[in-house]
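J.: Residue numbers (our numbering), protein chains in the order written: chain A, 1 to 301; chain B, 302 to 586.
If you're looking for bench data, these hints aren't it; they were derived computationally from the structure.
Keep in mind it's a predicted model, so treat the numbers as computed, not measured.
Ideal placement from N, C-alpha and C gives every residue a C-beta, glycine not left out.
A portion of the hints provided could be inaccurate.
Unchecked claim - With the C-beta cut set under 8 Å, the calculated list includes, among others, these residues of chain B facing chain A:
#1 C371
#2 L394
#3 P397
#4 L440
#5 G482
#6 S521
#7 S554
#8 R568
#9 T580
#10 I581
#11 H584
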Amino acid sequence: MKELVVISGKGGTGKTSIVASFAAMEERKVLADCDVDAADLHLVLEPTVRHEEEFYGGNQPVVRTEDCVGCGECLERCRFDAVRMDGDRAGEATFSIDPIACEGCGVCVHVCPVDAIDFPRKKSGDWFISDTRHGTMVHAKLGVAEENSGKLVTLVRNQAKQVAKKQDAPFIIVDGAPGIGCPVIASITGADLVLVVTEPTMSGMHDLERVIELARHFDIKASVCINKCDLNEDMAEAIERSSAELGAEVIGKVAYDAAVTKAQLQKKSIVEYSDGKVAQEINRMWERIKELLCAPAATSG
Amino acid sequence: MVIAVASGKGGTGKTTVATNLAVTLARRGRTTCYLDCDVEEPNGHIFLKPEITGSTSVGVPVPEVDMDRCTGCGKCGDICQYSAIVCINKKVLTFPELCHGCGGCSLVCPEEAISEVPREVGIIEEGMSDGVRFVHGRLRVGEAMSPPLIREVKKRVPGEGVAIVDVPPGTSCPVIEAVKGVDFVILVTEPTPFGLNDLELAVGMVRELGLPMGVLINRSDVGDARVNKYCEREGIELLLEIPDDRKVAEAYSKGEMAVDAMPEWERWFECVFIRLVETIDSHSA
């Protein structure tokens, strides 16, 4: 079983549209949407949820006001400015926890001299296994203003692996998050290949270089797709040179086409919407990805 | 006044809006500061081209265990919620990249065997660009946690004038860190299914924080009217619609400012600013 993770560094480069197209072309795969705080793949694939579970990423302290003696030890020890003082008269103040600022470290629970702070598990999202017209998809939804996106990403990937094993599917295609932080790291560690979707702009190139560096940091082979490559051809060339220097192969150059947005408006992947140049290029890209995924690591470019 | 420029979906034009708004305000004589809190992939410097005059390393305090004093009691591992310090067979191991710096382990250690040492997670660079004070954070590649660095960038919000905060995409912890405490949130989106879906998530996040907000639709003519209808239904102010323009896209690709390629942008952004000041006033009234 081989796992491809599609990421972008910079957001809005067309990552999800390309994943949806791969999904439409390859039958023997399981999909995983790991962009858990702004997932979009379901908008194209219209999943029917078959299995649903709550996700508990951590614990959330809650002060029992009736037991609080107002000593302020929690306020003093909290490093995340998450303890609020309610009421202001000396001796009569009580304290509470701001769930948005709180990082769930539990220090307040520990230091409270009268054990007035409970530390229950906190639901921070839901995850799903669904049927789509292009096969099984594992996806998730992080709650509003929640933490622990990395743990949820890891859970989604592990579930996708189990499903792939059961279905004897040789490929897992993962839609990752933008950026280079926690959810991205959780998406790529241990994967077989990363595809970075970028665009020929200064920002695209800057973000691409950082995300390739990240893949190298975790020793994962990276490949590159330059989307909307005709927007600035000089920049596209510069990106090709820079990718080569960083050891990442440019496996596809997709021209700008209004069909990409039109397909999205009709809830279709590009390859379902049109068989034009864009669709052909994405097809070629998927063939190359399969070669890279199945090639022994030592002979890769 | 602090204005955050955010969006659920990436690539909708947050940085374009934030940098052009900052330059517009500065050119019209306001004291303006631009702070890039998208520390994973900061892009504002590409357009503002600031002269960097100062650089500061930002660290998170992580545990260092004095093995001579450690008795292997395991209390540090018990309190740590992030598996950043674990005790196996009376032996303590630390995983600094998972540490949030809460200080719990050193607090509970009965032998006082744990001290805290700073570990660099990124840097902050500051400077000036064309009348705009510039601050950004750059997360070290391989580092998972951006909130501590974002917190440090936000500490540099000046006491006077207008501060524009460029927020990372999404709706989770780094976004909350960048947005909380601001006076107004501009949500940048595009009129597509992905744009609307992610806008709805961002609106949910801003409502959770209880902040006034307005929506700006970028490339307003590439999709359909779904975002306009949503804003009307939800009673969210539509601040501006910017039509798609090849000239702007080309300027962007080269790292040039839209206000230079299209002078009318300056007038548009001045109008946006006036409207959001009115909204802040009515929100606080």
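J.: Enumerate the violated hints, using their earlier numbering and listing them in ascending order.
T.: 1, 2, 3, 5, 6, 8, 9, 10 and 11
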